[in-house]
Amino acid sequence: MSTAIKADPAKPAGSARSLSTRRPLGDRGFQLLALLAGILVLAILIGIAVSTAQQGSSWFSTAGFSGIFSTVWNPGSNQFGAMAFVYGTVLSSLIAIIIAVPVSLGVALLLTEVVPRRLAAPIVTIIDLLAVVPSVVWGLWGILVLEPWLQPIYASIASGVNGIPVLDNLFGESNGSVSGASFFTAGIILAIMITPIITSLSREVIATVPAIDKEGAYALGATRWEMIRGAVWPHSKSGVVSAILVGLGRAMGETIAAALVIGSSVQVTSHLFVPGYSIPAVIANQFGESSGEFRSALIGLGLVLFVITIIVNLVARAVVARSDRRSRGA
Amino acid sequence: MAAVSNQPTFDLREPGGWRRNKNLIATGLMYLAFVVILIPLCFVLYEVIAKGAKAISWQFLSNGTIPPNVMPLGQGGMGAAVVGTLEITAFAALMAIPLGILGAVYIYEYGGRNWFAKVISFMADVMVGVPSIVMGLFIFTVWVIPQGLNGLSGFAGSLALACLMLPLIIRSTFEMLRLVPNHLREASYALGATKSRVVLTVVLPAAVSGIVSGSLLAVARAAGETAPLLFTIGAVESLNSNLFSGATTSLPSQIFSNALSPYVGAEERAWGAALTLIAIAFILLFTARIVTARFTRYTR
Amino acid sequence: MEQPEQKIQLTVPKSTEAAAKQDDDRFTGSPVFDANSVSIYYGTFRAVTDVSLTIFENEITAFIGPSGCGKTTVLRTLNRMNDLVVGARVEGDIQYRGQSLYERGVSPTAVRRRIGMVFQKPNPFPKSIYDNIAYGPRINGIRGKKTLDEIVERSLRQAALWDEVKDRLNKSALGMSGGQQQRLCIARTLSVEPDVILMDEPCSALDPIATGKIEDLMHEIKSRYTIVIVTHNMQQATRVSDRTAFYSVLRDDKSDTRTGVLVEYGRTQQIFEDPHDTRTQAYVTGRVG
Chain A
1 MSTAIKADPA
11 KPAGSARSLS
21 TRRPLGDRGF
31 QLLALLAGIL
41 VLAILIGIAV
51 STAQQGSSWF
61 STAGFSGIFS
71 TVWNPGSNQF
81 GAMAFVYGTV
91 LSSLIAIIIA
101 VPVSLGVALL
111 LTEVVPRRLA
121 APIVTIIDLL
131 AVVPSVVWGL
141 WGILVLEPWL
151 QPIYASIASG
161 VNGIPVLDNL
171 FGESNGSVSG
181 ASFFTAGIIL
191 AIMITPIITS
201 LSREVIATVP
211 AIDKEGAYAL
221 GATRWEMIRG
231 AVWPHSKSGV
241 VSAILVGLGR
251 AMGETIAAAL
261 VIGSSVQVTS
271 HLFVPGYSIP
281 AVIANQFGES
291 SGEFRSALIG
301 LGLVLFVITI
311 IVNLVARAVV
321 ARSDRRSRGA
Chain B
1 MAAVSNQPTF
11 DLREPGGWRR
21 NKNLIATGLM
31 YLAFVVILIP
41 LCFVLYEVIA
51 KGAKAISWQF
61 LSNGTIPPNV
71 MPLGQGGMGA
81 AVVGTLEITA
91 FAALMAIPLG
101 ILGAVYIYEY
111 GGRNWFAKVI
121 SFMADVMVGV
131 PSIVMGLFIF
141 TVWVIPQGLN
151 GLSGFAGSLA
161 LACLMLPLII
171 RSTFEMLRLV
181 PNHLREASYA
191 LGATKSRVVL
201 TVVLPAAVSG
211 IVSGSLLAVA
221 RAAGETAPLL
231 FTIGAVESLN
241 SNLFSGATTS
251 LPSQIFSNAL
261 SPYVGAEERA
271 WGAALTLIAI
281 AFILLFTARI
291 VTARFTRYTR
Chain C
1 MEQPEQKIQL
11 TVPKSTEAAA
21 KQDDDRFTGS
31 PVFDANSVSI
41 YYGTFRAVTD
51 VSLTIFENEI
61 TAFIGPSGCG
71 KTTVLRTLNR
81 MNDLVVGARV
91 EGDIQYRGQS
101 LYERGVSPTA
111 VRRRIGMVFQ
121 KPNPFPKSIY
131 DNIAYGPRIN
141 GIRGKKTLDE
151 IVERSLRQAA
161 LWDEVKDRLN
171 KSALGMSGGQ
181 QQRLCIARTL
191 SVEPDVILMD
201 EPCSALDPIA
211 TGKIEDLMHE
221 IKSRYTIVIV
231 THNMQQATRV
241 SDRTAFYSVL
251 RDDKSDTRTG
261 VLVEYGRTQQ
271 IFEDPHDTRT
281 QAYVTGRVG
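Residue numbers (the working numbering), protein chains in the order written: chain A, 1 to 330; chain B, 1 to 300; chain C, 1 to 289.
Okay, chain A solo, but in the shape it has when bound (with noise of 0.2 Å):
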């Protein structure tokens, strides 16, 4: 023990001094600012729904409630109906996830059930590529090369439907032609975009499954496919199916590629390899030009894709909120 380095004898440890010192002012002020920091968010969200709410009234009371529901959208004429690019959107949006929820639940089981360890670390940085490409370069890749690889494609899709009822009228022609430029050509591109999100939450639901249930499957003789079907699903339904309205919603936010590839024309139709419109496509290519009421209702629009966005997203947590107390009272 070394006599050289003593204690400081000028702070006596066992003093009784008051215990009482006020928060200093910096512990304070750093909860004030992380405070800030917080109520941000919510100014943020307040702001956009007021300001487009404001700049969108003199459309929402010119066109009143028949008129936001019309499928008419012509400027020339100040007619502003929102139902066609409402369409579009959901349209565009449920293709993009019929196709994208095999895949992703596919390669989201794959990465947690079926690959050891050492391959899925290549697999998930694949998906991580994906998810990192912009959406403008897909709608510029989607623009320039996969519509025209597509085009001849739906063309003989709709020779080869022709006159069949139901088939015809989803992938026939419209109006004596399809075009690359589609509502399914956007659903694919969208497609793309959402798997990245959808896989990775779903991963994670799937990952939270208790191993026991697994391994009780196993050991009753379930091959791991039913196993799957046995342990896994009961336990992640509601986190797969959040997961899948989480892609839905992005899906259905996303602009630039959409916009590139929908073809920009307005009108609803249940053809699918025709051009179509959303609106987020709507509003990117049209408002440079637009002003008085034509902005108004594009801002308008803009208020509604929020609306529905944010609806999505809560009845996705509401699904989990729910089956969390379903499983938590079982």
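Check before you lean on any hint, since a few could be wrong.
Said to hold, decoys possible - Using C-beta positions, here's what the derived DEER-type ranges look like: (1) C:42 <-> A:58: 51 to 59 Å; (2) C:212 <-> B:183: 34 to 42 Å; (3) A:169 <-> B:128: 36 to 44 Å; (4) A:167 <-> B:20: 30 to 38 Å; (5) B:69 <-> A:213: 53 to 61 Å; (6) B:122 <-> A:57: 23 to 31 Å; (7) B:65 <-> A:165: 55 to 63 Å; (8) A:292 <-> B:150: 17 to 25 Å; (9) A:292 <-> B:289: 46 to 54 Å; (10) B:116 <-> A:265: 46 to 54 Å; (11) B:289 <-> A:165: 50 to 58 Å; (12) B:116 <-> A:168: 24 to 32 Å.
Said to hold, decoys possible - According to the in silico footprint, chain C covers these stretches of chain B (three or more CB under 8 Å from chain C): (13) 187-195; (14) 198-206.
If you're looking for bench data, these hints aren't it; they were derived computationally from the structure. Since this is a predicted model, take the numbers as computed values, not measurements. No residue lacks a Cβ here, since even glycine has one placed at the ideal position from N, Cα and C.
Given chain A, work out where chains B and C should sit, using these hints.
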């Protein structure tokens, strides 16, 4: 004389027939799913690299004059767009990262059972799902319009991108704060540290690698966004390096406008800009990976 | 002072100073902690009920008892660490050297600078050995490198760790063995020169040799600090402590809750050789717990 044993015989081979086939098909489909996601990735990378490489040159990357769409490749370049992207994204990160970290700190460290913190956390998650074009409209309405034509600037674009990045950074930082073991906080408290000290000197340093990589990914996402910039930065034909005054352009904006134009030169420029943009995004992604790997080694 | 009639038989007098004096004529130091009818609640759940005892200066006091009897809970109220648990509440009075710990206006931060804590699992910061020890002084405003160097060396010497790590002060603390990490945590606690050191089962995660080193350490520093240690290991209590408090569990069958209660408190020798309460006797002879 051997006693006849009447033991039943077990068949220890794999369950045959339909069960086995179902399993094989399912596994095969999963691998197929992987191939399906591999295909577009390879295709797009191939096209971008093949077509973009033709356009890339030092002049392409640095020349400050944006040529009109009709011009063939070789005139002007994307310098203005490169500078625009770098400046706008960097400034957005400067605003969003500290605020995002502070927001996550509020929710996790000061939240506890506080109902307000729960509301904020909920709102941050909701904000992640807000479409990027709506962010652009928001900034256009509250920032650009009040200033008339002078409102268009790189800074307005930064504001829009920062709104986009904020919830992403809050979310990823929150997850990182959750991973910091509680006993580290307790050790710091037990030495008489105030809460702010605990957060600043123990919690944040312990979570720093995750926070950095999460932030880099958010930056990569922002760099590639077009929609928030559509109505906020305007368009220019020559370099404007002043972030705060005057319209400017960015790589995604250039790709977008060139993609819509039918001229060959425009197409080639779009591919070149796309290659540049993808390169930036990939560099950020790999840097994030390296940061995570290195720091995990240190703290182990 | 006699205990008022209670449902259970407690033999602990209200003021244990009287009990201490009546034991033998070894010199007893001044009281450091004086707890009076302390009950601790988590929300509406009463975790510990009606604890009264006195901790004396420069002694090692051990809290022993079966799992769930509240000994760690009581320990953590002594330096207001329970404040960090949402919904925790303390009723009754705890005096620290004549000042009430839970009075309004008392800053938990100031309390913790004087009453340090060593935890069950070693929890060094993911920083260098030097930075771990220097952390406490630094947050107390000490900046000068020379002063910090002295404090680091002194603390490590007191923890009997200096010779082992003096050549690698800049290496990560996480690279040390479990026993070394725990001694590092003790050195870190010593670096701010507390008055009291609370230890929550400090050796339970360590092997016997490391445990022995820490027990030697406790004997060496006893003359300058007051130590309260929670331990599962009765042999350890007999080896290191001057006084022992035995806690047990009150089970309420109606609501199926368990509440911790202080059963007996006295000199270690008396507790283990001549326990007054039958429950104490059952526990220390190994029949229960």
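inquiry  = Hint compliance check: list the failing hint numbers for this structure, sorted ascending.
reply    = 2, 12
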